[in-house]
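Engineer: Could you build all of it, start to finish, from the sequences and the hints given here?
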Amino acid sequence: MAHPFLDQASRRLTPWLLPVALLAGWQAAVTAGLVSNRFMPAPLDVARAGIAAASTGELWTNLGVSALRALAGFAIGGGIGFTLGLANGLSRVSERLTDTSVQMIRNIPHLSLIPLVILWFGIGEEAKLFLVALGVFFPIYANTLHGIRSVDPGLVEMGRVYGMSRFELFRRVVLPGALPSIFVGLRYGLGIMWLTLIVAETISASSGLGYMAMQAREFMLVDVVVLAILIYALLGKLADALTRQLERVTLSWNPAYRTA
Amino acid sequence: MLLDALRPEYFGLDRARHAEADDRTETVPDRIGSGASSKDSPRGIAVTVRDLRKDFDGHSVIDGLDLHIPAGQFTAVVGRSGCGKSTLLRLILGLETPSGGRIGLEAPAGTSRRSAPPKRIMFQDPRLLPWARVVDNVAVGLTGLGSKGERRERALAALAEVGLADKAGQWPATLSGGQRQRVALARALVSGPGLLALDEPLGALDALTRIGMQGLIERIWQQQGFTALLVTHDVAEAVALADRILVIDAGRIALDLRVDVPRPRRRGDPDLAALEGRILEHLLGEQTA
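Each protein sequence line maps, in turn, to chains E and F.
Under full-length UniProt numbering, read the first sequence as residues 1 to 260, first letter to last.
Under full-length UniProt numbering, read the second sequence as residues 1 to 289, first letter to last.
Treat each hint with caution, since some may be false.
[Unchecked claim] Non-contacting residues of chain E with respect to chain F, defined by C-beta distances greater than 10 Å in every case (computed):
(1) Ile-76
(2) Leu-179
(3) Met-214
[To be verified] With the C-beta cut set under 7 Å, the calculated list includes, among others, these residues of chain E facing chain F:
(4) Val-151
(5) Gly-154
(6) Val-161
(7) Tyr-162
(8) Gly-163
(9) Met-164
(10) Leu-175
(11) Pro-176
(12) Trp-253
(13) Pro-255
[Unchecked claim] Label pairs and their calculated CB-CB ranges:
(14) E:Met-104 <-> F:Leu-208: 39 to 45 Å
(15) E:Arg-11 <-> F:Leu-208: 36 to 42 Å
(16) F:Leu-280 <-> E:Pro-255: 38 to 44 Å
(17) F:Leu-208 <-> E:Pro-255: 23 to 29 Å
(18) F:Gly-104 <-> E:Ser-252: 44 to 50 Å
(19) F:Gly-149 <-> E:Arg-106: 46 to 52 Å
(20) F:Thr-111 <-> E:Asp-240: 56 to 62 Å
(21) E:Pro-4 <-> F:Leu-280: 57 to 63 Å
Hint data in this document are derived by calculation from the structure and do not stem from the laboratory.
Think of the CB as a built atom: it goes at the ideal place given N, C-alpha and C, for glycine as much as any other residue.
Structural biologist: Structure follows, in structure tokens:
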């Protein structure tokens, strides 16, 4: 394509071709009666359910509650994971002290703790925060640690030769060198964040998107259930897009992340 | 004259104690064949190494090495791989700690401990920070010196010196191998070092780029008058650039040659070729022996 505007428009739109085609096919299949809309409502029905839920404010309340839980849990777990990853990447003593324990806990599927967490915290906010934080902690920790480990020792030596202080060495060499790997952890963490939250809300909650979906199931409102699932997909995509943007800004030096 | 150049010499550290070597030792002028172009106050660091030893896991790499490099001299160190030449350089720079012996660096007269010119090294790979723009990479050479604006200004001047003024705002990833190595050279030189160690800095470059870089290094050395210590496995490069060539074998200086061919030196000069041949013969002779 010669025209730059068309070229860019096509690059923007191409990723959405497949989802839109799927929706269209789905709508056609339901309208033609190939699929019973008791099990699979048509996209237009889902949209109608969405508009209804949005106009009563129920959707926004639940979305807000879920987003707040997700972000708070992410901030706590990610913050601890990042700090511990830095500490263990920079200090042998800290690593020797904590890494074995972390690796042991890591191998327990964190969702298997749900019964225990319900016993501890009931179905309150703490339970969800705890699970999300725990789930997010590991990918951020492991990737931060790996990022710091894989910083080119030649660059660190160069920094020393040129008289950088320890803090300068960290700020100018180690942290930027670890950043690509930290971003990988961030993206994994975001995925686990939604997964954990939804499982936790589905099992035990009195508000939130997962709760909304479970309530709808009670009343056989299939369109609301599908609506909740579609919102998860959009939220996941949104989180991913934000991370990509952040990568593009902070890693612009790296040819692999350069804006096309 | 060439015969003189080929005469192995022993540069004692402490001439009084090594009186027996005196008749074979010459005082080396601060800069040979380049005096005309360097008029600034001398700022080269003199290097004195005495009975230096370095072991790695019980295996001796440097074994009782004595050496004196006068301020401002361009010395090349050649030898087969694994002979300890890079280790010697790293020891002098303080990147390794010696297992025994002493290394003395003598700042030029008239400089206090604080104002003494720094020592710098250029590695075989450029070791640029990929996340810093070219000019900021050069400014790394001024870490802890001056204000941010001053650092930037001096970095730009150093970049102009190596012919890369127009690349200041680029990422290192967009430069060619030779350009990156020139940025590394600018970074090493921007602080006005008294000693510049070059650890096979041109080994990874193609032949034409390498010749260009050699000319650049020689020109800047003549202008600035620092002491240069070049480790290389390219004997032709050593012969083209150095005032003096040390052949290292088994952790000791096996041959210490003066190169009296005046600068600018022509590529393919018969004197240089003869000298190169002689050093190669020595290196190969060791191998077959």
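Engineer: Evaluate each hint against the coordinates.
Structural biologist: Do the hints match the structure? See the list:
no.: 1; hint: Ile-76; verdict: 29 Å, holds
no.: 2; hint: Leu-179; verdict: 8 Å, violated
no.: 3; hint: Met-214; verdict: 46 Å, holds
no.: 4; hint: Val-151; verdict: 11 Å, violated
no.: 5; hint: Gly-154; verdict: 5 Å, holds
no.: 6; hint: Val-161; verdict: 6 Å, holds
no.: 7; hint: Tyr-162; verdict: 5 Å, holds
no.: 8; hint: Gly-163; verdict: 5 Å, holds
no.: 9; hint: Met-164; verdict: 5 Å, holds
no.: 10; hint: Leu-175; verdict: 10 Å, violated
no.: 11; hint: Pro-176; verdict: 4 Å, holds
no.: 12; hint: Trp-253; verdict: 4 Å, holds
no.: 13; hint: Pro-255; verdict: 5 Å, holds
no.: 14; hint: E:Met-104 <-> F:Leu-208: 39 to 45 Å; verdict: 58 Å, violated
no.: 15; hint: E:Arg-11 <-> F:Leu-208: 36 to 42 Å; verdict: 40 Å, holds
no.: 16; hint: F:Leu-280 <-> E:Pro-255: 38 to 44 Å; verdict: 41 Å, holds
no.: 17; hint: F:Leu-208 <-> E:Pro-255: 23 to 29 Å; verdict: 26 Å, holds
no.: 18; hint: F:Gly-104 <-> E:Ser-252: 44 to 50 Å; verdict: 46 Å, holds
no.: 19; hint: F:Gly-149 <-> E:Arg-106: 46 to 52 Å; verdict: 48 Å, holds
no.: 20; hint: F:Thr-111 <-> E:Asp-240: 56 to 62 Å; verdict: 57 Å, holds
no.: 21; hint: E:Pro-4 <-> F:Leu-280: 57 to 63 Å; verdict: 59 Å, holds
Comparing the model with each numbered hint stated earlier shows that hints 2, 4, 10, 14 do not hold.
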